[in-house]
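Novice: Protein chains in written order, with our numbering: chain A, -16 to 135; chain B, -16 to 135; chain C, 185 to 604; chain D, 185 to 604.
In case anyone wonders, no lab produced these hints; they're calculated from the structure. These figures come from a predicted structure and were not determined experimentally. Glycine included, C-beta positions come from ideal geometry on N, C-alpha and C. Misleading hints may appear alongside valid ones.
To be verified - Interface residues of chain B toward chain C, partial, derived using beta-carbon atoms under 8 Å: (1) P19; (2) G33; (3) P110.
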Amino acid sequence: MQLEAMYQEVILDHYRNPLHKGLREPYEGEAHHVNPTCGDEVTLRVHLAGSGRDARVADVSYDAMGCSISQASASVMSDLIIGKSVQEAMAVGDEFLALMQSRGRDVQPDEDVLEDAIAFAGVSKYPARIKCALLAWMAWKDATARALGETS
Amino acid sequence: MQLEAMYQEVILDHYRNPLHKGLREPYEGEAHHVNPTCGDEVTLRVHLAGSGRDARVADVSYDAMGCSISQASASVMSDLIIGKSVQEAMAVGDEFLALMQSRGRDVQPDEDVLEDAIAFAGVSKYPARIKCALLAWMAWKDATARALGETS
Amino acid sequence: MDLLPEELKKDFPLLRRTVRGGRPLVYLDSGATSQKPLRVLDAERGFYERHNAAPHRGAHLLAEEATEAYEQARASIARFIGADPGEIVFTKNATEGINLVAYAMSNAATAGPESERFKIGPGDEVVVSEMEHHANLVPWQELCRRTGATLRWFGLTDEGRLDLDDLDDLVNERTKIVALTHQSNVLGTVPPIKRIAARAREVGALLLLDGAQSVPHQPVDVTDLDADFLVFSGHKMLGPTGIGVLWGRRELLEAMPPFITGGSMIEVVHMEASTFMPPPQRFEAGVPMTAQAVGLGAACDYLAEIGMDRVHAHEEALIAYSLERLTEIPGVRVIGPGTTEARGGAVAFTVEDIHPHDVGQVLDELGVEVRVGHHCAWPICRRFGIPATTRATFYLYNTLADVDALADGVRQAQKFFGTA
Amino acid sequence: MDLLPEELKKDFPLLRRTVRGGRPLVYLDSGATSQKPLRVLDAERGFYERHNAAPHRGAHLLAEEATEAYEQARASIARFIGADPGEIVFTKNATEGINLVAYAMSNAATAGPESERFKIGPGDEVVVSEMEHHANLVPWQELCRRTGATLRWFGLTDEGRLDLDDLDDLVNERTKIVALTHQSNVLGTVPPIKRIAARAREVGALLLLDGAQSVPHQPVDVTDLDADFLVFSGHKMLGPTGIGVLWGRRELLEAMPPFITGGSMIEVVHMEASTFMPPPQRFEAGVPMTAQAVGLGAACDYLAEIGMDRVHAHEEALIAYSLERLTEIPGVRVIGPGTTEARGGAVAFTVEDIHPHDVGQVLDELGVEVRVGHHCAWPICRRFGIPATTRATFYLYNTLADVDALADGVRQAQKFFGTA
Ligand SMILES: Cc1ncc(COP(=O)(O)O)c(C=O)c1O
Ligand SMILES: Cc1ncc(COP(=O)(O)O)c(C=O)c1O
């Protein structure tokens, strides 16, 4: 079975014991995203220290309903970007997006950048599940843009 | 060529020298019909003597724009029904409709009833032209219904 | 059990293929779209290879033949549901059919007095239910938004039946139209249409049935249905994609303003204004889905030859077996009626502690193709307090072995995720 | 002359057939609908036999493959007209595309402030022309009827060109949208779009082009076109019936309210109200014309491989030759430009003292399939004071011999009816 390639231990661990879950104060930006095809939802808050793209991601908190992939992805993401500058975190997000869009082709994901998130490589072979893996990331981008006052 | 089967001499004669053409007074009912697929038009008036279905068709006058089949059909029809009772004329119309819908199959049209109109038998093999042959008949039915006060 | 012969599967080329590393395909997603028998594929291709032309537009031989093929298809489809061909309007799918009626109703505002019956505005009401597919919900929300009318709906019982306690209150003198599913695509529920139709008649409301899941799976005869409109999709009943049907009572279609306008639905066109043809042409603007109509006609003939009562009996046997096989698995909960009574072939369920996406992934890996999510009927999930379900839907080509594969797959998912 | 090789005809199975007692078929009605190459038929059938599923709806392997096929088709079509795939909306035909924009404009009345640009009401104006196909006239008449806006139009010169003398008056600050044919299906005229587009920009009006006859026959690049919307039909460009395209500028599609609503165009659905997906999904409610999209994608690839400039040159040669052959016949009058300049491949004509129906009948008997009537552009006939015309339209599979057959047939008609 190919299932093990998708559901790596790391993913199942994060799914069963998600990190940083729950909505917390304070926060400067919040976003609610849904996956219209399956109804999965995430509400995500960003707390920044400092201003502009140099600001540091002081906290990411979220409430989410969805499959193992979307849950684990939210957990891995929060853990990965808390403590980074917004700029660095965005770069990680871009790397993750590239991995997801690789469709399992010959992309060499940067393990140093992606850390646990590299476990999602197997998901990129299943187009219908890519959105699950990206849900939290999209919400985070949106919430951060709001925190930075870049969008309404 | 099968063309001769469709364009019988009788039809071409009526086409070149249409009978009863031109709009005349008096009349009790008028109808304007178009063939939406080709734009052919006929305006047709009915003058009745007497009332109800026993009334006699005293005159049929018309103005028409269209192909040889629709022109000849208006001419043949007028000539055929002027002088008949409405009831008789309707019966001729039904016989003609049956002929047109026969699709060239084994219908034995009644020559005594249809007279010159029997020449349209060949037209029934061409579905797109049946409407041409029926245009004046439909207008006549409509105008007569109006003359009899059967419709608004 | 009244099962159809397994050889039937051979008529469907796609069902021969394998998936995910050579596994045989177990297709349990016919509720989303059905597979196509050779007969339908051949009918469509044969049309293109021999008779292709724009119907109702030309006088040449090909145009004649295309028109004939198109109208014969209309006749086959009409026969299939006991209707008159003049009452069959071709649309691109069921969704367009519902939108057609909803837009015709708002268009009635600026149409002539003959369309009085369709006029709708503030104070008027539209009634749907909580189990509607989005296709039979959103167009009515939008109609209400456009016109100021009010949307109301039937709730659901815990068993997934329509809650008719409020029938007399919900359907009242202000109701212009009741738009209901004829078979739920999630719960499988078949509502008691006759009772609702009687009430609609009483108050002079129109009744539209969403037959997207009924017409493919049970014998439907419009003369017996007591509805005013019925819509369905070709692709869910062995026909091509891109074609659907709106059936309407003749006198209603005759009084109804057009929706999409353009070529070949007009009578006379001036720059200032135009007049329109009688139905069904009035509702078929533009060059139509000719080859698809021909394909759907062939699908109806194919189904009619097998017999819709036999198709229905076959599916009933599969549903009964799958309800049995699924509910014996600990942690599995079927959403919708637990018996085959007044119930069609959609079996939606949850598996404790495993998200439907993850259940579906394991099944897919095993070659069992089911649908996961809200199945375009989100309010059902909200009603039952669940995020989504896994749904198996059946058709005449499915077998008891397919049901076994489903049940075994669910158990494997439980094993994989360590919940059993 | 820059003609394409005659072997091309072999790609089209239907063109091998004979008509009316064994005569070879001379198909001169591609303006109504085109014939289909094997490649398109195989693409469509291959989809049904291997990948058929509802796209954008499932997570299983077949659904993945169907989604991929559907989106690759969108990409092929986008490439064909130089657009971004996100700007390609699938419709059932060109007619639906035009109606989509017209209805979106009236729907803007009850939509949010982002749709401001589309709002239309009394005092606002819509501009079309006297050479529009009914598909690009009646929807605007109906939009004006629904909203109280005013319809205005460009007249035609005696040569069948747009009369632009009134341009600045006709297109003014009150104009919300200009909807123009990009190539007349009767006259062949290609209007000077750039000039009209410049004026539309100046006054802030939208510009929609009806490309039903341009996209199949000339290279069209939306980045060069300066229009806001472009619609066309698959069946006129070697693709299947039942599929069309609306291209729109991204920022406009993003701001435009939906038209047909239902499944898979929604974001979140509650019983009370729903929100919608971004384009193109927002405009594609219901299970789409999946196999037809795949077929149209294959048609675009086929045409692109031949090269649209070569297709255009081929047709130009045929038009030039047919103008020559037809006008040398006494009594024949071509309606529309007499040269190939800014003119595409529809050649409509009258034959003195013979009604087009009768001309067409003789041609049909000879195996030459042309169209007779008003060709869904009735106002053109009124403008030129004629009841109807006979129209020949060409495509890449036509040959000079086809033109000869046409001219010979017209002479035979004259002989038969004794007018020459
Ligand atoms: C110029 C023009 N516009 C619009 C249409 C409508 O196309 P369709 O009938 O495919 O919607 C046609 C063809 O019929 C046409 O020639
Ligand atoms: C109950 C029901 N209604 C309507 C629809 C819409 O059908 P389509 O998407 O073919 O328009 C569907 C299927 O998707 C359905 O299951």
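Novice: Would you mind marking each hint as holding or not holding in the structure?
Specialist: Results for each hint:
With its C-beta approaching chain C no nearer than about 5 Å, P19 of chain B sits inside the 8 Å limit, and its interface hint holds. A distance limit of 8 Å between C-beta atoms decides the matter here; for G33 of chain B the minimum to chain C is near 32 Å, and the interface restraint is violated. A distance limit of 8 Å between C-beta atoms decides the matter here; for P110 of chain B the minimum to chain C is near 5 Å, and the interface restraint holds.
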